[in-house]
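Participant: First to last, the protein sequences are chains A and B.
Here my numbering is used: position 103 in the first sequence is 103, and no number is missing along the way.
Here my numbering is used: position 166 in the second sequence is 363, and no number is missing along the way.
To be clear, the hints were calculated from the coordinates, so they are not data collected in a lab.
A few of these clues could be false.
To be verified - List time: in silico SDA-like cross-link candidates among lysine to any residue, alpha-carbon distance up to 20 Å: (1) A:K181 - B:P328; (2) A:K138 - B:E386; (3) A:K138 - B:P328; (4) B:K335 - B:N308; (5) B:K378 - A:L196; (6) B:K378 - A:Y185; (7) B:K341 - B:P328; (8) B:K335 - A:Y191; (9) A:K138 - B:Y388; (10) A:K3 - B:Q245; (11) B:K335 - A:L196.
Protein chains: 2
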Amino acid sequence: MKKALFLILEEYADWEGAYLSSTLNQREDWSVDTISLDGIVSSIGGFQTSVDYIIGSEPEDFNLLVMVGGNSWSDDNKELLRLIRTTFQNNIPIGAICGAVDFLAKNGFLNDHNHTGNSVYVWNDYKNYNPEGNFLEKQAVKDKNLVTANGTAPIEFTKEVLELIEFDTPENIGKMMYMNKYGFYNYCEKYGNPYLD
Amino acid sequence: MKKALFLILEEYADWEGAYLSSTLNQREDWSVDTISLDGIVSSIGGFQTSVDYIIGSEPEDFNLLVMVGGNSWSDDNKELLRLIRTTFQNNIPIGAICGAVDFLAKNGFLNDHNHTGNSVYVWNDYKNYNPEGNFLEKQAVKDKNLVTANGTAPIEFTKEVLELIEFDTPENIGKMMYMNKYGFYNYCEKYGNPYLD
């Protein structure tokens, strides 16, 4: 069983991890757990999530860290930084979206990866942001073990992370994401009705 | 302050209510609360939601009921049925998506509304589904005080519900939903960069 940890902070963005968590957790060989600084975390949308792990008590072995965006990524918590640093050092795949990418930029984690994010302009004041790689004006970018995305790209983010972890063939991942992006009727027009096969 | 209740059952679909809850809850004049049959409800994606109200203890006054889809809508719980019947009787706006629409079909609530849903074929066995209105092959349908949608239509669902409750002008709602559907770069191409105004 492979394990994905979804790292959420207070006022996390409901929509940003929703497609990825549900896709992973529906498969028998993957499970999703949540992790945060506190036991109960509120989403931007007002949902109270009771998390599975407090940072520091997480399992040693996990296969993916998903850093969900939101309004609390300016937190300079040491345990948070330690978890992320260790995950990079262990070459565990990481997906970061929206505010979580700002945190990576601020703490120097983006310098050796091509990447994207909400906006490079807000990072100009970060003294640890000295990228050798490029900021790409794309919805989501995959480079080595890192996927980054802006906050309007939950589906593109999901697609890149699923490809990174080799969740399925690129063709099957593409079809799943087409359904999510363009909806049932457009999917049927392009690929046929999946319930009438 | 207007109140939206998000009705979620075990294995609710993370992505279906995410855009709507976050849009509503970010506005000062709306708040979002969750309601269910149990105190802790798991999403399909493995998030544990600690709900605000158990059905039966909900406030008398609320302004919108959002029935989020998922895998437990075959439950014939009497309190669940009572909440939904009362909400229809009181002419409170209702949004229902995916599995939640199946529940409405099964219990005769769709008969006097134009509507959509995941698939009309699965409703043929429901003796209380005798529609005077039409099943429309669209992502989301608004008729009177009811919005229905299929499970691949969280954004179209959000748009129709926001129009139903007159959350903003149709033009502004359309722009917000364009950003969500097509992403930041397509939005900038069509409407200009909102951060450079």
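Participant: Each hint: holds or not?
Facilitator: Against the structure, the hints:
no. : hint            : in the structure
1   : A:K181 - B:P328 : 30 Å, violated
2   : A:K138 - B:E386 : 13 Å, holds
3   : A:K138 - B:P328 : 46 Å, violated
4   : B:K335 - B:N308 : 17 Å, holds
5   : B:K378 - A:L196 : 27 Å, violated
6   : B:K378 - A:Y185 : 15 Å, holds
7   : B:K341 - B:P328 : 15 Å, holds
8   : B:K335 - A:Y191 : 17 Å, holds
9   : A:K138 - B:Y388 : 17 Å, holds
10  : A:K3 - B:Q245   : 16 Å, holds
11  : B:K335 - A:L196 : 18 Å, holds
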